[in-house]
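*Asks:* Letter by letter, the chains look like this.
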Amino acid sequence: MKTFELKVITPKGAVIDKQVSGLYLRGSEGDLAIFAGHIPFVTAVREGKCTIVYDDASDDTEAEIGAGMLNVTRDNVTLITETWKA
Amino acid sequence: MGKDIKSLRTRIKSFDSTLHLTGAMGLVASSKMKRACDAMAAGREYSAAISDVTKRLASCPECSKSPYFGINHPKPEEDTEDGSVSAKSVTRLIVIAGDRGLCGGYNANIFRTVRDMEYVDIQPVGKRAFARYRPETEEELNDDEEPLYQSSEYYTYEEAEAEAKLCCEDFLAGKIDRVGIVYNRYVSIISQEPDVFWILPMERGTERCVDTGVFEPSPEELFGNIVLKYFAAKLYALVKESFACEVAARRMAMDSAKKNAQQMIDDLTLEYNRARQGTITQEITEIVAGAGK
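Keeping their order, the protein sequence lines are chains A and B.
Numbering follows this note's numbering, in which position 48 of the first sequence is assigned residue number 48; successive positions increment by one, without gaps.
Numbering follows this note's numbering, in which position 261 of the second sequence is assigned residue number 261; successive positions increment by one, without gaps.
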């Protein structure tokens, strides 16, 4: 599966900076999933569960995130959130 | 002569304790340095990420009518070099100073920058800034149980958010039309410069963005939402940066204080030894003179 670069940034610094294959979270208009090759996209993120899926055999990362922003560009994806509890 | 020697010895002793004190404070500052720098880097990264999104939104045409660009406000004249503006604009300053003194010109530089500017009100961050701009609360400042000031060392993102909300509300209500943050810019470990960052009104995106993509919800709504976050993130990052400056400034100040104390001790020791030798020589001369009679 194709992967993309995901960066999760909180006020305490970057939590995740990896190649991942999928990101699931709750946007302002509803649940959404991001995969490689997504069109440029900006949305407000609601607090809730966030799941990150990797291409290799490593376990998915699940975390409780605070409100924030998701910024998808052609090259990478940045999730900006106030809190991150894995 | 004997009295002179005694007073010299006391002075040497007192400089010695100063040396110990400044040495200890320097060490404390050094140990805080790494943590402060890490916090500064993290804050910078967060605010840079938010500012990327903000720029992207600011350059999209739907957002150009946002009140955060200050269209409804009388436009202040262009900034001059020293940061002074036309008297018409109602400026609020957020002044970030330290919690403690003994850090060289760190606090004084900030206060000097503020003194040269025109402003209407001030939101202080850090105990020193509170003591200066909110003198009526000074008595309570000494009360350690419930601090009324916002500490610059333990500044949290939530505090920054509350401050951002207050400023944005006042800005939208037209009570103020400019918000600046006065902080110390971290140039290097030996150099920090006071600076002003104008956060509101927002700067318009200069480049026309072609590839803006999809926005959810609408760009206007997102923009209103993100200005608050941008403000909070920037303020948080600048407080962290200022704290790193404070620690670095204190380390430098303590280093030079240590050096000066050592220099004084060396000078006094020389003087002390001379005086001691003088007494001995005098005694010998007296004995020899007495024996020759």
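Worth flagging that the hints you see were computed from the coordinates, not collected in a lab.
Certain hints may be false.
For the chain B half of the interface with chain A, some residues (derived, Cβ under 10 Å), not all of them [unchecked claim]:
#1 57
#2 149
#3 153
#4 162
#5 165
#6 166
#7 169
#8 173
#9 213
#10 222
#11 225
Given the structure is predicted, the values throughout are model-derived calculations rather than measurements.
All C-beta atoms in this analysis are idealised placements derived from N, C-alpha and C, irrespective of residue type, glycine included.
*Asks:* For each hint, tell me whether it holds in the structure or not.
*Replies:* Verification of the hints:
The beta carbon of residue 57/B comes within 7 Å of a beta carbon in chain A, closer than 10 Å, and the hint placing it at the interface holds. Among the interface hints, the one on residue 149/B is violated; its C-beta lies about 21 Å from the nearest C-beta in chain A, farther than the 10 Å criterion. Interface hint status for residue 153/B: violated, as the beta-carbon distance to the closest one in chain A is roughly 15 Å, over 10 Å. For the restraint placing residue 162/B at the interface with chain A, the shortest Cβ-Cβ distance is roughly 13 Å, beyond the 10 Å limit, so the hint is violated.
With 10 Å as the threshold, the beta carbon of residue 165/B stays out of range of chain A, its nearest partner Cβ sitting at about 13 Å, so the hint is violated. Here the hint on residue 166/B is broken, as its CB sits about 18 Å from the closest CB of chain A, past 10 Å. Of the supplied interface hints, the one on residue 169/B is violated, with its beta-carbon coming no nearer than about 18 Å to a beta-carbon of chain A, more than 10 Å. Against a cut-off of 10 Å between C-beta atoms, the interface hint on residue 173/B is violated, since the closest Cβ of chain A lies about 23 Å away.
Below 10 Å, beta-carbon pairs count as interface contacts, and residue 213/B has one with chain A at about 3 Å; its hint therefore holds. Evaluation of the residue 222/B hint against chain A yields a held restraint, the C-beta minimum of about 6 Å falling below 10 Å. With a cut of 10 Å, the hint placing residue 225/B at the interface with chain A holds, because the nearest CB-to-CB distance is about 6 Å.
Hints 2, 3, 4, 5, 6, 7, 8, counting from the list given before, are not met by this structure.
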